[in-house]
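Protein chains in written order, with our numbering: chain S, 1 to 313; chain C, 1 to 541; chain E, 1 to 285.
Bear in mind the hints are in silico, worked out from the structure with no lab data behind them.
Given the structure is predicted, the values throughout are model-derived calculations rather than measurements.
By construction, the Cβ of each residue, glycine as well, lies at the ideal position given by its N, Cα and C atoms.
Check the hints yourself; a few may be wrong.
[Unchecked claim] Below, a sample of chain C positions facing chain E; criterion: calculated Cβ distance under 10 angstroms:
hint, residue
1, 190
2, 194
3, 195
4, 198
5, 371
[Unchecked claim] The calculated DSS-like cross-link candidates involving lysine-lysine, where the alpha carbons are at most 27 angstroms apart (straight line), are:
hint, chain 1, residue 1, chain 2, residue 2
6, C, 504, C, 282
7, C, 282, S, 119
8, C, 487, C, 108
9, S, 119, C, 504
10, E, 40, C, 322
Listed below, chain by chain, are the residues.
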Amino acid sequence: MLGRSANHLYWMSRYIERAENTARILEISQRMALLPHVAKKGASEWQAVLEIAGDAADFEARYGEVTAAKVTAYLTLDRENPSSIWSTIRAARENAHAERVSITSEMWESLNATWLEVKDLTPDMLGKHGQRDFFDWIKERSHLFRGITFGTMLRDEAYHFGRLGTFVERADNVARILDVKYHVLLPSVEDVGGAIDNFQWGALLRSVSGFRAYHRVYHDTIEPSRVTELLILNDSMPRSLHACLDNTVSLLAMLSEGRPNEAARLAGEVHASLHYGKISDIFKTGLHEFLTIFIRRNNALSAEIQNSFHLAA
Amino acid sequence: MASALANLRANRQAGNSLAAASPVSSPVGAMPVVKAAPAKAAKAKPAKASAAKPAAKVPASPRKSAVAFDEMTAFAGAGPVTPEKVREVYKTFAAWQATVPAKEFERKRKEAELLFRRLGITFLVYGKESSTERLIPFDVIPRIFTAEEWQHIHAGCTQRVRAINAFLGDIYHGQDILRAGRIPAEDILTNSQYRPEMQGLDVQNGTYVHIAGLDLVRTGERDFYVLEDNLRTPSGVSYMLENRNVMMRLFPDLFSAHKVAPVDHYPAHLMQALRAVAPDGKPNPTVVLLSPGAYNSAYFEHVFLADQMGIDVVEGQDLFVKNGCVFMRTTKGPQQVDVIYRRVDDDYLDPLAFHRDSMLGVPGLLAAYRAGNVTLANAIGTGVADDKSMYVHVPEMIRFYLGEEPILQNVPTYVLREDDDRAYVLDNLDKLVVKEVHGSGGYGMLVGPAATTKERQAFAKRIIANPGNYIAQPTLSLSTCPTFVAKGIAPRHVDFRPFVISGKTQTLVPGGLTRVALIKGSLVVNSSQGGGTKDTWILEA
Amino acid sequence: MKLAIQHTTLYRYDAPVNYTIQYLRLSPRSSASQRVLRWKVETPGEVIEMTDAFGNILNVLVVDEPHQEIAIRVTGEVETTDMAGVVGNENETLPPGVFLRRSHLTEGGDAVEDMISPLRKLIAKDRLEGLHSLLGTVSGAVAYRQGETDAATTAADALAQGSGVCQDQAHVFVAASRALGVPARYVSGYLHVGLGASDNASHAWAEAWVDALGWVGFDITNGISPTDQHLRLAVGLDYLSCAPVRGVRRGGGSEALDVTVQVNQGSLAVMPMALLSPDSGQAQQ
Chain S
1 MLGRSANHLY
11 WMSRYIERAE
21 NTARILEISQ
31 RMALLPHVAK
41 KGASEWQAVL
51 EIAGDAADFE
61 ARYGEVTAAK
71 VTAYLTLDRE
81 NPSSIWSTIR
91 AARENAHAER
101 VSITSEMWES
111 LNATWLEVKD
121 LTPDMLGKHG
131 QRDFFDWIKE
141 RSHLFRGITF
151 GTMLRDEAYH
161 FGRLGTFVER
171 ADNVARILDV
181 KYHVLLPSVE
191 DVGGAIDNFQ
201 WGALLRSVSG
211 FRAYHRVYHD
221 TIEPSRVTEL
231 LILNDSMPRS
241 LHACLDNTVS
251 LLAMLSEGRP
261 NEAARLAGEV
271 HASLHYGKIS
281 DIFKTGLHEF
291 LTIFIRRNNA
301 LSAEIQNSFH
311 LAA
Chain C
1 MASALANLRA
11 NRQAGNSLAA
21 ASPVSSPVGA
31 MPVVKAAPAK
41 AAKAKPAKAS
51 AAKPAAKVPA
61 SPRKSAVAFD
71 EMTAFAGAGP
81 VTPEKVREVY
91 KTFAAWQATV
101 PAKEFERKRK
111 EAELLFRRLG
121 ITFLVYGKES
131 STERLIPFDV
141 IPRIFTAEEW
151 QHIHAGCTQR
161 VRAINAFLGD
171 IYHGQDILRA
181 GRIPAEDILT
191 NSQYRPEMQG
201 LDVQNGTYVH
211 IAGLDLVRTG
221 ERDFYVLEDN
231 LRTPSGVSYM
241 LENRNVMMRL
251 FPDLFSAHKV
261 APVDHYPAHL
271 MQALRAVAPD
281 GKPNPTVVLL
291 SPGAYNSAYF
301 EHVFLADQMG
311 IDVVEGQDLF
321 VKNGCVFMRT
331 TKGPQQVDVI
341 YRRVDDDYLD
351 PLAFHRDSML
361 GVPGLLAAYR
371 AGNVTLANAI
381 GTGVADDKSM
391 YVHVPEMIRF
401 YLGEEPILQN
411 VPTYVLREDD
421 DRAYVLDNLD
431 KLVVKEVHGS
441 GGYGMLVGPA
451 ATTKERQAFA
461 KRIIANPGNY
471 IAQPTLSLST
481 CPTFVAKGIA
491 PRHVDFRPFV
501 ISGKTQTLVP
511 GGLTRVALIK
521 GSLVVNSSQG
531 GGTKDTWILE
541 A
Chain E
1 MKLAIQHTTL
11 YRYDAPVNYT
21 IQYLRLSPRS
31 SASQRVLRWK
41 VETPGEVIEM
51 TDAFGNILNV
61 LVVDEPHQEI
71 AIRVTGEVET
81 TDMAGVVGNE
91 NETLPPGVFL
101 RRSHLTEGGD
111 AVEDMISPLR
121 KLIAKDRLEG
131 LHSLLGTVSG
141 AVAYRQGETD
151 AATTAADALA
161 QGSGVCQDQA
171 HVFVAASRAL
181 GVPARYVSGY
191 LHVGLGASDN
201 ASHAWAEAWV
211 DALGWVGFDI
221 TNGISPTDQH
231 LRLAVGLDYL
241 SCAPVRGVRR
251 GGGSEALDVT
261 VQVNQGSLAV
271 MPMALLSPDS
281 GQAQQ
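Turn these sequences into a full structure, and let the hints guide you.
Listed below in structure tokens is the structure:
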């Protein structure tokens, strides 16, 4: 298929996944902000959210002071912020629009319908109480789109490039969500293991649909090292980094058709570190350091995918 | 910590960008058609007539402009539609319509709109600052032709396109028609649409215009006129196909009550024609559709047709030239392209040969084309035959190349470069439509009867400053067709664009695009100016 | 006269270029006034040779591996004959009327109209005489001065400022001739100016159509019809349509261009090596 077409599908999926994960990040942040402890500390959590999911300098120039309401507005419906949910849905739809030939009409209709609903939304319409509904709705539309893709699309290159985008983006986003908790909401020493810490890890699990999974796997109280193990190393957890890389590696193998390329090699290397990694080693290195390196390598992998498969002219 | 976060931020990939491309091909949203107010007076022809000029006669309706021909009731005029007024071809429809409440039409109209919107069948309208995506209004009442009417149209369009292909082959080779003095050589050789690059070049099967869209209007039972030949990158065929789909979904009963000839095989015909013109008759050619991109107003159509034909939609950036051949960039590396169904205008095809700033084309494409390693459909340089100043010569082409009399008539046309014509036109601006020779989409023209004195005076100045840039035609009394509007069903003016595919022979699928001026009394059917579309039914005999 | 030509064009890019394509019109055809004895165009990448719309030899150069430099070396020998500028009809595929077409670079505007109105009568009576008179008019109207115009300057611009290089003078002549109803075309080529001269070796002039003679050349810069010092490389509607090098590349950042042209009398083999050094001549582009 055309390199440019593959690129559109790859980014279509990435943007949808990004919209979903931005909704998840906002959801967890709002949940955490409900705690009295956090409220006391002021706006630094929102500063962190901003830096992880947006562009702090752009925000400062246009919004000024960092508040929950402003950051939420910036990351949901801000039309000038390329990372807002509004913009990422639009970008996903534009990529899909350019590839009407490669996707099914059901996929197009679903994504286009999502866009038509999001297009004219205003912060007023979202309101204070509508935000959670909106986040749920965005997640639902993302699930729906993936489901339609799974159920209607020919298993050809176009499908595989779309899937590739999903997993590359998801790996990036999950790593960022983990980093929010670990570094930004780092509790003071006396809080570790306390009620608030426990609540935060629980919220984090919920934000990646991992709360119930955690209990299924560990049958025990929430422990930071186990949460991170679940989200980084457990390959049965669909949003874990390991699961993302499992998929990425097998997709690249299919797309390469036996021709060796740098993207497949790099993915294999990252995969190995997760497949054979130990959570105790990760903590020894430092979780934040591990995540920072992971995000960097994941970005390098994305660039190499675009290179190896001639996605960009 | 802040710097580590900033680092993360910086690493986040900004994502891709869909670069905007400027619009170049003639979009369905701006199809070059002019309909003006009803004919007023017979064209008083100036004494001197040039050789190529059609006979001076106004194509007025037999009833002398009192009322336009109506597709359903002929010349019955206003007033309630009684069964005896209804033409035979509309009888089944009229009986059905009488049983359907207006509410139902409104419901169907809304349903159709929803369908179109969900399918993303939109076009772009260009404003000063930005462009917006819009639906072309769809009218749920079909325009119906009899088999005999279609035969007439079919024969006329086929004849015209045959003559035009012969003409292009001639002017790009021996130029017999110029040497015979039938058309002034200077009109051709200095025409911006004549391409010296094509001189002496042989094209596959001698076909230049693989796809033509002819704009026809009707003024009476047997009176069809060709208003314009669209021979470059004509658009609108996707609406013919989608309108049919939607109508079948909305009105299955009405369909089963008629024997409507199918149109769905258009993409198959087109694909067959494109495959047949591959260089050296290559057996399994790679065919692609070259589009200016997602920001082109006709992009939906490009994608739609490519989808139906199972080929890739490519943009200039997807193609490159090497070894004198054209290749596309695929995920598995370069793949050679044999036939390009291009929806990009000549000027933008190769920045090394034409507009040098164009990002829409493929550098080196002209070289590959001239080397015979790739076929372009339509060929380069077809625009010289559909230029409005060349339009007046088409009947002469039919006589010269085919030795036949034209089946479809031309609208009498004044060429303002000529002194007599210009003098007449300047004296009668209030009765005429003046068009720019290279204009399209209803822009840059004067509809005399609808214009103010001031507008006419201003336009007269432009004509005098550059007379060669204009032609004028009498206003035509376009036929009307029942149309569902706010007040219910009422007659509105329509035109018709059938599509001619040229391979070894000419083929037309039985149908075309009917455009309708939704505003009462308006004769402007352009979608960019408030026009809509209808499904067109050809009844089988 | 036997002329030896060495023409080097060197592009350097400050970042790797992934793909380059160039249309090269750097090879002369033999005609009444010139016989090509030897000619060689050396380039990187692959080259396809074909004929363009105006009958020129066109080399299509493609380099599709990462590169940071493109060097095009032209060497050749041509025997020229002084035909007093008469080129005649060289088996043209295009009728002369094509060269009445408008082009962007030869848009002359009202200034051209004003300039030619005194010549109309003469042109109608004796076309050749009229064209020679036009030659004088244009040399007077556009003085030869370097550095005041560029490759995008139109005939109207050059006329308005009253100066330009040979390219601009040729454009004005072509615009004026066409406005007078006489087909005219742009010629790119080389000029032999003798040892020690510091003038341009790359040159441009015009040709106009005279029914009895065919194409006749007019070198506005030197106020003469071309002689055996002139070597025709390519013809076209204007500079752009027959430019020696016209190309597009992907990537590469900014570029540096270095062109050297040497036109000498005699054969290449006997030329002193000193003349081959790249900085001994300056080209117009």
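Hints, one by one, checked against the model:
Against a cut-off of 10 angstroms between C-beta atoms, the interface hint on residue 190 (chain C) holds, since the closest Cβ of chain E lies about 5 angstroms away. With its C-beta approaching chain E no nearer than about 8 angstroms, residue 194 (chain C) sits inside the 10 angstroms limit, and its interface hint holds. Checking residue 195 (chain C) against chain E by beta carbon gives a least distance of about 8 angstroms; that is within 10 angstroms, so the hint holds. With a least beta-carbon distance of about 8 angstroms to chain E, the hint placing residue 198 (chain C) at the interface is held under the 10 angstroms criterion.
For residue 371 (chain C), the suggested interface contact is upheld, since its CB lies about 6 angstroms from the closest CB of chain E, less than 10 angstroms. Using a Cα cut-off of 27 angstroms, the hinted pair residue 504 (chain C) and residue 282 (chain C) holds, with the two alpha carbons roughly 16 angstroms apart. For the suggested pair residue 282 (chain C) and residue 119 (chain S), the alpha carbons sit about 48 angstroms apart, so the restraint of at most 27 angstroms is broken. A threshold of 27 angstroms between alpha carbons decides the hint, and for residue 487 (chain C) with residue 108 (chain C) the separation of about 15 angstroms falls inside it, so the pair holds.
Proximity of residue 119 (chain S) to residue 504 (chain C) is assessed by CA-CA distance (about 49 angstroms); at most 27 angstroms being required, the pair is judged violated. Between residue 40 (chain E) and residue 322 (chain C) the alpha-carbon distance is near 21 angstroms, which keeps this suggested pair within the 27 angstroms criterion.
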